[in-house]
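Asks: In order, the protein sequences belong to chains A and B. All the letters of the first sequence, read from the start, carry residue numbers 8 to 115 under my numbering. All the letters of the second sequence, read from the start, carry residue numbers 226 to 365 under my numbering.
Because the hints were derived from the structure by calculation, they are not lab data. One thing to keep in mind: the hints can contain errors.
Reference listing, derived: stretches of chain B covered by chain A, where coverage requires no fewer than 3 residues with Cβ under 8 Å from a Cβ of chain A [to be verified]:
| id | segment |
| --- | --- |
| 1 | 260-269 |
| 2 | 319-331 |
| 3 | 337-345 |
List of simulated lysine to aspartate or glutamate pairs, DMTMM-like, C-alpha gap at most 20 Å [to be verified]:
| id | chain 1 | residue 1 | chain 2 | residue 2 |
| --- | --- | --- | --- | --- |
| 4 | B | Lys253 | A | Glu78 |
| 5 | B | Lys253 | A | Asp50 |
| 6 | B | Lys304 | B | Glu350 |
Backbone N, C-alpha and C fix where the C-beta goes; we use that ideal spot for every residue, glycine too.
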Amino acid sequence: MTVQTLAGLDGFCALTCPQPDREICGAYVGDLLSWVMGRAEADNVWITIMTNVNIVAVAALADVSCIVLAEGVKPEQSVLDTAEAKGVNILQSARPIYETAVLLAKTV
Amino acid sequence: MSEPLKFTYSVDGDNFTSAGQASVQVKKVLRRLGLDPETIRRVSIAMYEGEINMVIHAGGGEAEVLIHEDCVEIILRDKGPGIADIEQAMQEGFSTAPDNIRSLGFGAGMGLPNMKRYTDDMQIESQVGVGTTITMRVNL
Ligand SMILES: Nc1ncnc2c1ncn2[C@@H]1O[C@H](COP(=O)(O)OP(=O)(O)OP(=O)(O)O)[C@@H](O)[C@H]1O
Ligand SMILES: [Mg+2]
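With the hints as constraints, model all of the structure from the sequences given.
Replies: Written out as structure tokens, the structure is:
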């Protein structure tokens, strides 16, 4: 499934999607950035509630397919602008982390 | 043997928002050179962890990346406080990061272990009050 397809599903929406055709493979959930870099795999969906600008660099370097911000949290516009410029997809889910992960597991 | 390609970056210790820029640049260079994605990922993450450590713990420093025929070498030098007990610093979970840094998601004490795990060789030279130099190598 592509990131664009995921963003179109009920429960998810795109905040910025500069690389819509990226394929999704698996997922990782976590807020501690070094855990994410140590454990997430390339093309994973990364589910988190962190919204500071450092998530963009982490997503780019760990090569995840997209970030999904759970609990309906929204980053500042400047973070979305940086993500757009760096080619990092950021989606949002209004649901809590666990439910977001369960929904993702059912659909991907 | 041809000369290695060499890139140098200065890592700003005051700007937490732009931290990671050198690593992002290196990733671009490696992509252009056509290295395989997993190697690029390992180099990028190891360098980013080291770069962030220089920003958080050492007030910045400089990064040098050498692309040899058989490996990528990353050298990170800072004039920060140094690491008193390297063995302790290398342990998963050990961190001296302050609360304001932890609230950004850093400070899990996983950076140095990640650098070791993602590289084929890592050497730390550090002197308290003088600074730290970390040399990492990822084989091609
Ligand atoms: N360049 C450095 N100069 C001085 N001390 C350092 C440096 N790099 C690491 N340290 C020390 O080693 C500890 C462990 O580093 P490590 O990168 O593993 O964890 P962290 O940076 O605290 O948290 P994380 O990397 O998980 O966000 C740091 O908390 C710090 O005390
Ligand atoms: Mg660290």
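Asks: Sort out which numbered hints this structure fails and list those numbers smallest first.
Replies: Structure breaks hint 4 only.
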